[in-house]
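Student: Here are the chains, one letter per residue:
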Amino acid sequence: MKNLLLALSAALCGVAFAAPATLAQDKTINIAGFGAKSGVVRSFGVNSEAAMLAAADVINKAGGVKLADGSKAKLAVEFYDDRCNAEEGISVARRIYGTNAVVAVGPTCSNVAEPLFGVLQKKIDDASDSGMQMPIFTDVAIKVGLAKISQWAFRNVPNEMTMYNSLYYWLKTKYPQAQTIFGGVEEDFAHSRATWYLVQKTRAEAAGFKVAGEAKWLLNDTNFATQVREMKKANADVVAISAHPFTTCGVLKEMARQGVKPKVLVGLTSSSSLETLQGCAKQAEGMIIPTSFAPVNKEAQNAAQVTAKFKGAADLHSMAAWENMFILKQVMDAAKLSGKPGDLQADRRKVRDGLASLKTTNGLLGVTKRDEEGEADKPYLFVHASKGEWKVLHNPL
Amino acid sequence: MLDLLQSISDGVLYGATYALIGIGFTLVFGVMHKINMSYAAASVGGAYAGLLVVKAVAASAPPWLIFLGSVLAGGMLGWVVYVACFHFIPLANPLATLMSTVGMLLLIDEVIVHGTDGMPLGFPALFDDVMIRFGEFTLRGDLLLVFGISVLGMVGLLLLLYRTRLGLATRAVSQQPVAAQLCGIRLVRVNALTFVITGLLGGLAGAMIGASVGTLSPLLTTPLTVKGLIVTVIGGLGSIPGAIIAGLLVGGLENVFQLYRGVTERDLYVMLLLFVFLVFRPGGLFAAKTGRD
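Which chain is which? The protein sequence lines are U and Z, in order.
So the first sequence is residues 1 to 397, counted in the numbering used here.
So the second sequence is residues 398 to 690, counted in the numbering used here.
You may find that some hints are simply not true.
[Said to hold, decoys possible] Below, in silico cross-link-like pairs of lysine-lysine (BS3-like), each with a Cα-Cα straight-line distance of 30 Å or less:
#: 1; chain 1: Z; residue 1: 452; chain 2: U; residue 2: 282
#: 2; chain 1: U; residue 1: 311; chain 2: U; residue 2: 66
#: 3; chain 1: U; residue 1: 66; chain 2: U; residue 2: 298
#: 4; chain 1: U; residue 1: 311; chain 2: Z; residue 2: 452
#: 5; chain 1: U; residue 1: 216; chain 2: U; residue 2: 261
#: 6; chain 1: U; residue 1: 174; chain 2: U; residue 2: 210
#: 7; chain 1: U; residue 1: 391; chain 2: U; residue 2: 309
#: 8; chain 1: U; residue 1: 369; chain 2: U; residue 2: 74
#: 9; chain 1: U; residue 1: 309; chain 2: Z; residue 2: 452
#: 10; chain 1: U; residue 1: 174; chain 2: U; residue 2: 232
#: 11; chain 1: U; residue 1: 391; chain 2: Z; residue 2: 431
#: 12; chain 1: U; residue 1: 261; chain 2: U; residue 2: 282
#: 13; chain 1: U; residue 1: 369; chain 2: U; residue 2: 298
#: 14; chain 1: Z; residue 1: 452; chain 2: U; residue 2: 387
#: 15; chain 1: U; residue 1: 309; chain 2: U; residue 2: 74
Since the hints were derived computationally from the structure, they do not count as laboratory data.
None of these values were measured; they are calculated from a predicted model.
So here's chain U without its partners, still in its complex pose (with noise of 0.2 Å):
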């Protein structure tokens, strides 16, 4: 008995000593994410912290990133539940700009990263502007125009206006005889309203339709028999539903009923989720939508099975969070941060600036160009849903 008690003293002395030793090989660096976790966006949030966590997994095992003193730390991801809502997504900002992490990656909902890039330093430098001085990047949150709020904000979603112009030229040549477009919109929700009035109606336009008439409903309507019989009567040769899977799923049923079978169908970029296919498969069949992702290549099909062990889906927006970590990594790589906790704001800045400084960087389907306001063109592909699936209709690059 005594000997056993010595030995475990002995074996508890020695993991005593070796802990601070274990613990100054296993530097780490943090990486907050924030999106929605709770609330009817909830699956956006849950994908995109499983994708984090993924690729974190990824680029630790290959020995995670470079540190100024050549030594190496491990990628640390915590993620946060903004509920897609502003004030709790600015109150998240501050509390993960109160940890050591250096840099964030969301929010979700355009509508939470509106304002909160509004309370980031808008100019880096200005000392008049106490607004937060951390870089974010957002991986879903897809609203037109966002990143020029502040120099601090970055985004790696796919740009609507380009890919939205390339599906309606595209639509143009291959259904020359459709003359017409009725739009259908989610009015109260930012990105729904922002994609139809500001893109999708101005390409339709430009590629030579013509609207035929809108209709309206709200992201909770539950009846659309008044907005599908507007739909019947303008006839238009295409039908653009810019809406979240819920009421899309909606409209497309009563659709449906009403008998009305445009000669083409078009979705909003979000709605090219498994939410859709859940929702209406058999209704949705042949809707085409532009996105920035599909598992067309081994590591696009990689990136979706790793994920998929950490419980999430893969879509345009987990993957956007999939590319962010290695963007980050690559970043930080060049940036030789020192990873010090007296250094933490240094090492913000150093990572604001190697993202400010890329001008192109590798996404899941090739090259992604960016721009001097901080915002991505992803390369993209048409998909449409068939049988129960989305599959690759066509790929404009």
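Here the structure of chain U is known, so what remains is to put chain Z in place on it, guided by the hints.
Tutor: Same frame as chain U, now just chain Z:
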């Protein structure tokens, strides 16, 4: 004119689901003089539970089995709501139960969101591809069925209330709880059964809403709670016929407002309607014949 008729008929048919939700609110208020804010969420929760459980047992289960599962799950949730929000909470404090049911609403909402990651789930419908046509005028087959089942549910409830001993006890507790207790009626049992019955009806409402929308989503809970409360107030707190008529009325008017004023102003007019009732007829359509003061 055709558009107007079509809008009214669509709205009235869909309004049957509002009526079912309104009945749940009004029945609990009639018996316990309390508002159960979690009722619509529990109704949607019942539909979710019915769908998920029945699908887990038999993936290709027919819609009627899922409806039945939803009704039973709704009943169970009703009992859970009673135990959690009313049984152990001092009923003398009106705010206590109000807040506990608001908490339950949020809890059920989040349980649904976490259980499904907020993803909409397809809910089966019967006759969803049937359209009855009278020239340009159409009636949705699935909504007609929803309307019919809802009416049957309401008739069943009225029979239960006015043709059974349980109904007699419920009405007695509703009118004078102390006297009812003195007559040997077990107050706790009647209250709990009221919640189970309204829960069963809620499960039916949830299933009918799921069937008419074709999809279940946590997005349904808040608007249904608001609509249910509006229907309850317009119909008259505690009045079942009032809730039925107000449900159909709100459904129809909502569509008319949308037709003429657009979707962004629609809810504004529904709220205005509520204020009109609160000011000029605070007791609702079926107000008791007493002065407003």
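Student: Against this structure, judge whether each hint is valid.
Tutor: Hint check results:
Simply put, residue 452 of chain Z and residue 282 of chain U have alpha-carbon atoms about 19 Å apart, close enough for the 30 Å limit, and the pair holds. Straight-line distance between C-alpha atoms of residue 311 of chain U and residue 66 of chain U comes to about 29 Å, which keeps the hinted pair within the 30 Å bound. Proposed proximity of residue 66 of chain U and residue 298 of chain U is supported: the alpha carbons are some 26 Å apart, at most 30 Å. Only pairs whose Cα atoms come within 30 Å are accepted, and residue 311 of chain U paired with residue 452 of chain Z is accepted, the gap being roughly 22 Å.
A C-alpha spacing of about 19 Å is found between residue 216 of chain U and residue 261 of chain U, which places the hinted pair at or below 30 Å, so the restraint holds. Between the alpha carbons of residue 174 of chain U and residue 210 of chain U the distance comes to roughly 16 Å, so the proposed pair stays at or under 30 Å and holds. Restraint check: the Cα-Cα separation between residue 391 of chain U and residue 309 of chain U comes to about 22 Å, which is no more than 30 Å; the hinted pair holds. Our distance criterion of 30 Å between C-alpha atoms is met by residue 369 of chain U and residue 74 of chain U, whose separation comes to about 28 Å.
A distance of roughly 25 Å separates the Cα atoms of residue 309 of chain U and residue 452 of chain Z; the hinted pair therefore holds under the 30 Å criterion. Note on residue 174 of chain U and residue 232 of chain U: the hinted pairing holds, with a Cα-Cα distance of about 23 Å set against a maximum of 30 Å. For the suggested pair residue 391 of chain U and residue 431 of chain Z, the alpha carbons sit about 53 Å apart, so the restraint of at most 30 Å is broken. For the suggested pair residue 261 of chain U and residue 282 of chain U, the alpha carbons sit about 13 Å apart, so the restraint of at most 30 Å is met.
This hinted pair checks out: residue 369 of chain U and residue 298 of chain U have alpha carbons roughly 21 Å apart, not beyond 30 Å. Straight-line distance between C-alpha atoms of residue 452 of chain Z and residue 387 of chain U comes to about 21 Å, which keeps the hinted pair within the 30 Å bound. Distance hint between residue 309 of chain U and residue 74 of chain U is fulfilled; the C-alpha atoms sit about 20 Å from each other, no more than 30 Å.
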